[in-house]
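A.B. asks: Generate the whole structure from the sequences, applying the supplied hints.
For the record, the sequence lines run as chains A and B. The opening position of the first sequence corresponds to residue 29 in our numbering, with each subsequent residue numbered one higher. The opening position of the second sequence corresponds to residue 9 in our numbering, with each subsequent residue numbered one higher.
Simulated from the structure, these hints should not be mistaken for laboratory data. It is possible that part of the hints are untrue.
[Claimed, not checked] With a Cα cut of at most 20 Å, we get these calculated SDA-like pairs of lysine to any residue: (1) B:K278 x A:I144; (2) B:K132 x A:V111; (3) B:K278 x B:P244; (4) B:K278 x A:V136.
As the structure is a computational prediction, the values presented were derived from the model and not from experiment.
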Amino acid sequence: MTNHVARLYALVAAVLVFFGAWAAIAAHPWQTRSAAADPRLAALQVREQRLRAESLAVKRIVDRRWATYRAQLALRKREIASVRSQNARTRIAAAALASAPAAPSVRVVTLPPLTITRTS
Amino acid sequence: MLRRAFHAMGTEVGLLLDAEPSAESELAFAHAEREFERLEAMLSRFRSDSQLSALNRSGVLDAGPDLAALTRLAVEARERTGGLFDPTVHDALVAAGYDRTFDEVLREGHAQPAKACRGQVWIKGSRIELEPGFRLDLGGIAKGYAVDRALARLSLAGPCLVNAGGDLAGRGRLWPVGVETADGELTLGLENGALATSGRDRRRWQRGGHELHHLIDPATGTSAEGEFLRVTVLAPTAVDAEVLAKAAFLGAPVETPAVFVTTDGRTLLKGGIG
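C.D. replies: Structure, rendered in structure tokens:
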């Protein structure tokens, strides 16, 4: 009888020790301590901060260049419009000149005048 | 015959178009009139916002194509006429009293000392630079330029004539044009060319008891004197006619057809007229 009780206590104690050890192992206490001290993670964090700063700088540069490009594009469009307008005027003048004889002429006529020239 | 009249460049402008009324003729009239308005806004010395006024204020300007082209034409005309035509008469005109639009010019006043003309004008591309102390007046030649430009637009719709207060050009048919002479009106048939009249019988005023007018002799800086009252000259374009008429009034020999009216009442037809 005494041996049975003793074995029962021993069994219960063994089960408690087993679960206690399980819980202790499942908590991974060694990982926390080693992670905090891991230099690779610290390096990764530093690199992440550097990349964030670099991306901000790159974004600012891209924004600036985009604004410059848009301004140059607008200027170029105005220049193109001006050249097209000038070309249109030149075509009109050329067409008019092409249809005009080179030499002007004038002579006295007896027709009633349609207009008059006087001191301007 | 279709007609259109409006006021521009300090004078009455008349457009004649030998065509039937149509949308095309209306468009051509509108384009021609708009050309006068555009050039007046750009080339008037009486408008403070014109390109010419900006050039006269600063002495240097990156000018638009029309002002650059016209200034180049004016400088070439000065060389061609030996300085009788001069675009740098601005200050001489102002000193003589023509310091505002002619309708507003005081008819009497005190005489001012004459100003020198024949200032230097440098043109490189579209950049115009004036010699310090000189300003440009493109009044007459600008009117001729506008006539030529408007004629080019109007001629797309048919035979036409543009007359800006006496500076006129016609194309496409014979245009009977009246010319005032000492003996009455003479009618000239103009074909594909331009006529301009320069004289001292209009745009006159008094300063210090003397009669002055708008034709400045660049040699003296004052209103020109001489035997002619009025000169009408034929040329291929209104710009050329304007230049030749002014030079002829100041005594330049003219080989093209021309009508001279002298102060003593004679009419001289030259260059094969009549």
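A.B. asks: Could you work out which earlier hints the structure fails to respect and list their numbers in ascending sequence?
C.D. replies: none
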